[in-house]
Amino acid sequence: MNKKLILMIGILFLLALSGCDGSNKNPITDADVRKGIEGLTMEFTKNAPPEKVFEDSIFPIAVNLKNIGASDIENGFIVFGFEKAYVDVNAKSGEKQGFSIKGKSIFNLNGDEEFVTIDAQTKKIGAQSETHTSSILATACYQYRTIFGESVCVDTDIYGIRKGEKACTIKDLDYSNGQGAPATITKIETRMLPDVDENKVKPHFIIYVENKGNGEVVSLDKVEKACTSEALEYTDFNMIKIKATLSGKDLDCSVGDEPSSAAIRLREKKDMVRCTLEDGVGRNIDSYMAPLKIELEYGYTFTISKNILIEKVLKY
Amino acid sequence: MGIRDWLSQGFGHAKRISGNIKTGVQQMPARTKVAAAAGAGLMGGLAARGFRKGKETVTGAGRDTGTMFLVLAFIIFVVDLMDAGGGRYTGFQWVWGFDNVSIITNIATSSIFGTFMLVYLINKVIRKEWDLIGYKTFSFVVFSFWMTFFIMNNQWFASLKAIIHFIYILVFGFTFIKSYEGSSTAYNYIWVLLLLDFFGYTLLKEIVIFRYIPSIFLITIFYVYGKTQNTASIFFFVLVLVILFIFAYKDVQAQGGDFTFITDKSGPTWEDWWSDFSQGIGSVANAWTGVLNKQIQYAITGKVEENQYKPIGVYLEDARPAETIFYEDEPIVVWGTIKAKTLDDPIKIQVGCYAGKEKKRADKVNPKEEFEVFSLEDQNFDCAFNKCENIEAPECPLKIGSNKITAFADFNFETLAYLKVYFMDNERKRAMTRDGLDIFEEFDIKDREPITVYTNGPVAIGMGTTTSLVGVSDSYSVYPTLTVLLRNRDDEGWQGHITRLNGLFLFLPEGVELESEDTCREIFNNAGEEECKKELCGETAESDCSEVCKYYNTYSLDTKKLREREDEVFESFRCKINPMSNKVLGNTPITTKYFRVKAKYDYILEKPVTVNIEEVPE
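For the record, the sequence lines run as chains E and G.
Counting in my numbering, the first sequence runs from 37 upward without gaps.
Counting in my numbering, the second sequence runs from 64 upward without gaps.
Hints are computed from structural coordinates only; laboratory data are not their basis.
Note that this is a predicted model, so its numbers are computed, not measured.
Certain hints may be false.
[Unchecked claim] Simulated pairs of lysine-lysine, DSS-like, Cα-Cα distance not exceeding 25 Å: (1) G:Lys596 with E:Lys120; (2) E:Lys329 with E:Lys223; (3) E:Lys120 with G:Lys597; (4) E:Lys199 with E:Lys248; (5) G:Lys613 with E:Lys120; (6) G:Lys462 with G:Lys427; (7) G:Lys224 with E:Lys342; (8) G:Lys509 with E:Lys132.
[As the list claims (entries may be wrong)] If you want the footprint, here are the derived chain G segments under chain E, 3+ residues with CB under 8 Å: (9) 380 to 387; (10) 495 to 501.
Glycine included, C-beta positions come from ideal geometry on N, C-alpha and C.
Start from the sequences, fold in the hints, and give me the full structure.
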């Protein structure tokens, strides 16, 4: 009896499946490009560099850069690092290359990609050595932006005195899927603070930010420096500029009195910031949903490496 | 108390249940016993009709899969240690300070948790089990809670090894444990094991011994043995004991005192594990034979460069007497073969033999003259001691009876060594360290602690800098140091010793100099590019090799000033180095450079041969 039932359900399921043509009929505008925790991805292409290279020979190094985040990269840098005693960049190529890659958009759901190629040359590996393993590093440094947009509830009735049904209620919001960038907003807590002016309330947001990518956040103005050997201060790492608006009005996210100091400093890749609408909202207005927009601006850097085996040409 | 008893102690309760299971299985009808044995999986466990524990059917059907889980746990243990697949897996850090109430609320109100509950309720309704409040429900709710926790906080998905652990625990729980404990207890085991596996390591890592033994492997051993008395458990348990002993011994050796757990902040990779394991075995062997050489600083160590096709060096092989027995009136002849392999520079070899306390040289040696080996050659040699007019005379080295003749090969040889060192701007290094960043991880550098690689031969060269990542700045309050250590490899089968050190050359990477005020400057002289070319590229090297010398500052040791040691040629030098930021650092955030050393020396390789001399029969 059970077997017959399972068989019938199975047939019905197959019929239902056969009715699907497999194509995605969602309109393109439904696609959420601001999703994911990656910005730029980078990998060495197959055989460039090859696994094994002979000494005194030229070989190609190619890196495939893909911007799978939701922000465009302008004036990014990629710098190649070699063990110069064994491998050096060929005279015609440069160790440092610039790139610009467009990110995901509703017109380009996958984001753009680019190949950066240079030629390198191996050197002698030493009198009594047959082989030598050498590492090639590729470090990318670029500016990136995280844009977050969501409707939040502004409940002017702080103490819940008002009678009648509210249009919305305040609740904490979790976002674990990212916003199409390595630095992501993971949680927003909404509070309504009483103002000095009794007729107003101040919407207040606690924004949790986390670097979920595989690299490090650097200050926006230190992106180029991060791809050199120059000194960096510890304050140059993990700094993110933040700008937030509620219904188009700027929120104050600054720590001190200086509005321009609205920045987050990540500790162990995480931090939170408090943003307040200083102008406040009238208490006489009913609860309503308002668009909250948050922009994070930062530099980002990460490195990939590959080992190659340099072989001596044995003559006997 | 045997190992079996010991293993069972930890799971006394389990063993009791195991006894019950036996009884239960014994009570099964014959047909069901077959099903219980065969149905090892989840469905098998459900299908088989074993004995009932509480209201649940417990079959013990996992008996046959015990070995499989032991092997799987061992494989996972090995895979965890490997560098591949995202580095050494040590679980995740439990971060304190979160808003726990908020986390619990989020989980309890999540749709995932709701789905778990819905499925459970539907299952209850289908099975017509109306007792909602009970141990089973409680277990499932807690299980669902933690499963939701893991699904919602899914950053661990990025780690393939974490996924393997997760799947292993689920499969182990839902098949093996469930078949013995029933589903309710299995739920509890699973979430506890998951938490222990994911976060236990970081909580216990400060105790050194736990760095090597993963909880999941040990638990599997104990649990499987407790349930099945599986012989493989004993094997794996003994393996764990051996590993523990060796590591414990290595740590005791390192401390030079009583055994205590040493705290360590980094989890070992497979390479560390293997290195420590080898060192542990080496320590045991040395303690056994009592020949631990206290002088060798293992901190400054190295490894032989692997030359797959040509093992470089000079080898004295098959040295033996020409006859089994010699008579006193005939010459004593010893022969052998010299095998010499080099890649570039030729080796000059003088062979010979000596006997007696006075080391009397053989009267005839063939080849008599010194000969050169350019790449790879085998050369036979023979030595002959003429018969003595009066064999009992003191000047006659060979007497009636058993005698020792030493065949030797005296040759010039050289050993090259290199050490990889990373350089970074000191301010940046400090900034990254202060910000809690792991610099090697940030730059995807797997070789965190490079060790010296030296070419094969009778002498080992060890090198070391203050740290593998040297911070570079314009001025130093404390200069970084470079330590160079030479030692005979007589403990590694090379029977001989250095007779003379002909030269020692330091090749410091471009932009690194010996600190001008350092005492090393008294014995190391600046050598020019020509000497670098000659020493680094070899006399027979092609001219374009000289390009290499642009990247090195060469220093040569003034051997005349070198102190001499009678018992052993064993030298170490510790020199302050001055890396200049404008020259050492290139265009990249981190720079990799090589320190090189070349030692030139004369070496005598010896091999004793026993010859028997008898009186001439009358």
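For a C-alpha distance cap of 25 Å, please report whether Lys199 (chain E) and Lys248 (chain E) respect it.
Violated, at roughly 43 Å.
Are the Cα positions of Lys120 (chain E) and Lys597 (chain G) separated by 25 Å at most?
Holds, at about 20 Å.
Chain E over the region 380 to 387 of chain G, status - at least 3 residues with CB closer than 8 Å:
violated (count 0)
Pair hint outcome, Lys462 (chain G) versus Lys427 (chain G) [Cα-Cα no greater than 25 Å]
Holds, because 19 Å separates the two Cα atoms, which is no more than 25 Å.
Holds or violated: Lys509 (chain G) and Lys132 (chain E), Cα atoms, limit 25 Å.
Holds, at roughly 23 Å.
Just to make sure I understand the rule, a stretch counts as covered if three or more of its residues have a C-beta closer than 8 Å to a C-beta of the chain. Does the region 495 to 501 of chain G meet that for chain E?
It holds, with 5 qualifying residues against the three required.
Straight-line Cα separation of Lys224 (chain G) and Lys342 (chain E) no greater than 25 Å?
21 Å, holds
Hint consistency between Lys596 (chain G) and Lys120 (chain E) [alpha-carbon to alpha-carbon, up to 25 Å]
17 Å, holds
Satisfaction of hint between Lys120 (chain E) and Lys613 (chain G), Cα-Cα up to 25 Å:
11 Å, holds
Holds or violated: Lys329 (chain E) to Lys223 (chain E), with C-alpha atoms at most 25 Å apart
14 Å, holds
Violation of the numbered hints given earlier is confined to hints 4, 9; the remaining hints are satisfied by the structure.
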